[in-house]
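Chains as they are written, first to last, in this note's numbering: chain A, 1 to 299; chain B, 300 to 1137.
By construction, these hints were calculated from the structure, which means they are not laboratory data. Careful: at least some of the hints might be erroneous.
Taking lysine-lysine pairs in the DSS-like style, the calculated list, with each CA pair at most 27 Å apart, reads [what the hints assert, rightly or not]:
#1 K1082(B) to K26(A)
#2 K1085(B) to K157(A)
#3 K986(B) to K91(A)
#4 K66(A) to K1021(B)
#5 K1105(B) to K61(A)
#6 K1082(B) to K61(A)
#7 K1105(B) to K918(B)
Here the structure is a predicted model, which means the values were calculated and not measured.
As a plain string of letters, each chain reads:
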Amino acid sequence: MKHVLTICTFAMVAALAAGPTVKLDKYRGWGDNKLSFNEQMKVAGDKNYYDINLLQSKPDKKGNQKTFITLSAPSQKWNFGRAPSEFLFMKVNGISLNKIQPVPGSIKPWSKKDSAGAEFLLNFDGTKIIVNMFMKTGSPLLFLTFTQPEKQLVPIKGNFTINFNLVISRLLVNEKKITIWNNVYNRQAQTESRLLKQQHAALDLTAADKYLIFSDEKLDGSGKGDEKGVGPCLLAFDLADGITGKLLMRNAYSTHVTFTVPGTFKEFRCAILQHKAKISNDEFMKRFQADKNSYTVLK
Amino acid sequence: MRKKRFLLIFCLALAGTLSGYDVKNKALAPVKFSASPKHADLKLVENGKLNFAIVSDLQAEQRLRKNCKAEFSIKPAIAMLVEGFEKCTGVKPQVLDIKDAGKAKYMIVVGDCKIARDHGVDVSKLPDQGLAVKTFDRGIILAGKDSSLIDGFNMDPLDRLGSSLGTKFAATDFLERFLGMRAFYPGEYGTIWPKISDLTIKPVSYTDSPYLLNRSNGYYLQFKPYQTPEGKKFWESYLGPLTRKDIHFPDWRWREGWTVPFGGMHCPDPQVFAKYYPNRLKDIFYTSPYGNFWYNSNAHIGNYFDVINFKFADLMIESLKKFYASKGKIDEGKFRAYCNNSYISFGVCDTFMPDQEVLNDPVVQKLKLMTKEEMGNRGKANIYARFHQYLAKRIQKEFPGKKLCIMAYYDVKYAGTDPRWTLPPNTDVKVCGTFRPQKAHNKKEVQASIKLMKEWYESLGNRPVQALWLYDGKNEFTNAVAGYYVREIPKIFGKYFGNVSIFYDHMDGCPGSTWFHYPSTYAVYRAMWSPDWDIDAAIDEHWEPFYGKVAGDHLRKFHKLVRDCYEKYGMNLTEDQPLVYPANLLKKMEFHLAEAQKAVKPGSVEAKRMKIFCAPWPKAIQSMKNISAYERPVYYAYQLLDQESVKLDGKGDEPFWKNAMEMKMLDPLGSGIPLKYPVSIKFAWNKKGIYGLFKTSYKPVTDKPSMWGNETYEVFFSPGTKMEEEFQFIFDPVGRQQTGYQRHLPIPQQYNKHWKAPGFKKVSTYNQKQWTVEFFMPFELFKGYKIPNSYDFWYCNVVRNKVSPKEYSGSALTLGNNHNMGMFGIFRFCGKGDSFSK
């Protein structure tokens, strides 16, 4: 019995010590029967895990289809999991991500000793953007690296944009269970250098900001149940090489971050954090301060 | 054991009941009773012994043979009675000539003779095909109006008259009414012959005659199902061995018959007429002001007679003069089929011509034969009314006593409403395909049909339309019920419809499924005899005797469910809407079928009948489930890169084709059955146009004179996203093609088959093992539509018509109508670099 226990413990430690794992799967959940394209990356590390989906809807009554990227794990409850449309959006050469055609094999998984993830190959009518999404040992973040192939069929003209969309902590509903779109929220975002409060106009981000810890003052993730939401989430980014960012955080249910990337770019790095379980604002900050590097270092 | 004993008792009781007949049985044709003769009951069969002989003037029909060209009526009547009694009693009755009548204790007197006349049966007073049944103290008389007893009947080769078979129908009526014979389909299982050991007939007298004078469908009931050896074998696997009599089942059992040589069909034959008048083609066939010459030497379809310039009418009259003068020996237009001493037919070819083609014709303009408002709707009605009037008047002059019989079909659907062109009294009309019996309770359709019939009635000078051509449904669920509504037609149309004929077009191939839907088929032909025939009672009566109590009850419930569902979910559908029933009701249907099948003993007659009844349903129910689950398919068309190009050589060996997706093909009727003969359909595109590469791995049929006789592909595009227009491209392996387009929105117009698709190119190669065709459609040919951008989409349908062995497949579930845009798939123009290579 003792031997078995010892062996099991060693196995667990070995497993924990092993790097993140990745596999390809399909999204299964609400609306999956309405999809004509469905590929999913499942990546799991020692501190967290993510399911990221590349999906295309079946034609609606007017024949329109939509391509979109969603996050369905660790939690679909708010933050990046319950985005108004999709948590990650792009527009390249005037072509929206919603329009492009994913093809089988668009997601290519890979695995190394201390990291694992997948390349999402997104083709915008001949202009390819490669989004590498992965996890690293010791970090709860999902890292995203945007690159482009050396030779493009069609080069990027001017800039292109990358959007992150989220619903901070939760959205509120009235007594008839209808979403309250605005005027009841208290959104804020803590960066490395400042605390940003919700405002009507979009705000320019700087390289000094480095990250955004999104939270709501009142929907602070405390208590039992979802009354006060699920708490904060994080978006870390590296504004270098002429990449700019804007934060649109109104007194509204949804929040949007837009990065404008020059067509000549080599790489854009960012990362998100989505918790599985709810976490209060205070608890999040404690953990963040205790292990800041694992939340903010992108390289 | 108890169950078996109960069943045996039940069946014997049933047999007993059936031998105790009811002359007013609702399951039979209602007849006209007159005062019953006064005499004792006639014990024709007692304890299994026959107390009668069949008595007839056995020479009556033979005597006139040299001067009467009619079908026998008395002879088959006798044969039917002999067969019937033998089957029911096990004993063959004696047949005596009338001169030996005294030898019989009782008689069944068949046909007109002294005995019949002496007892007050005067067949000359009966209507066309009428029958009389009357008892007397020594027997029962079965007689009717028989053409076979008319001296000089039908002796002119162009008389072409049908025979009145009143006595034959009297015999059939007797078998049904007194012996309880019930016949539903050919073969040994399709007829019930109740076992009879006693038959006592009470005094009775009645007459009957058919409502419709022509009740014949040899084509769909006697020819088409068995057209090929495989077809016959198919049906024999269900119906048992089929004798000649079985093939002619409707003649023997359902009182099929006709007397009026009504025409109203395609006449003259365009190809034959053209052959005889090669220098007059421009007079025969129409040339539009645009220069489009509507003549097709290869097929019936595509020909359009010139009905504006009367040179064609005059030529037809001249040719008919030769036809009639030579008693049909000189036949320059296949007139023999539809022209005779009663009628001269005129009927157009299966071709629509857009109204735009004639609107600017000088004669049309001068005489105001068509207005812009009429275009696309009743467009050419007055053009044809004028032509028909002219033709009828010429017939009146040249062929007095003969009538023009018009086929109201295709562009001749509507009657002329201009009083200048009222049709003269020597005109009759057959209206084709405008009313579907299965829409008899669809208020909108019925109102439209009544209006149409009323217009014809008025155009005929307040005389009825004498014939209708009806179409069956397009799927098993509709075909199972459509026939029930035929009986309502006389009531629906009232005085606008006469009593010559209804032709029921089963639209069935070979072997088809007509006999699987025997209740509906039964309903059609019995209603033709009498619309007051209670078909519901007739079908309801048959379930238990045919299948046994338990199975019969389940099938009754199944059949009621099928009828009720159609009434609720199908009656008010438009042509393009799919027929779909709720899943729970389909499940109920499956339950009843399964329970019915469990309740019959394997190998029994009931089991054999069950096999026939159940045959179409598993596939039909599955098809309906498939249709219900149908999602519009999406095809992603590969975009050629700048450095890629297509060499149209029929090889399709350019490397980029590997990156193109294959279009999925299926059964457009929804069966879900995988294709036996796969085909590879691929498309690609660039800003110049659309490229196609279609490949089979079998030898195509290429040697037929008509393109449609060969393998063909049909490619449909509806550009843009609004389904406003459809463009059709049809081609066969040997390079023939047909193209056309039709606008549906905002204002529907007619199909234009003169559109040449400028720039459409194709190259076809084939051999013993394959057929490859590569084609190109430049975007310019889709006039009015922008060149699509990447990720735009159009609507598309591809159809592959494999002819031998036959396999119909398509890319969309269009339910048998290739133009059904509502079901077309999506054709998405992919971006550069989107590759679907495996």
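Taking the hints in turn, this is what the structure says about them:
1. K1082(B) to K26(A): Measuring from Cα to Cα gives roughly 43 Å; hence the hint is violated.
2. K1085(B) to K157(A): With Cα atoms ~24 Å apart, K1085(B) and K157(A) stay inside 27 Å; holds.
3. K986(B) to K91(A): 23 Å, holds
4. K66(A) to K1021(B): 19 Å, holds
5. K1105(B) to K61(A): 34 Å, violated
6. K1082(B) to K61(A): 25 Å, holds
7. K1105(B) to K918(B): Holds, at about 18 Å.
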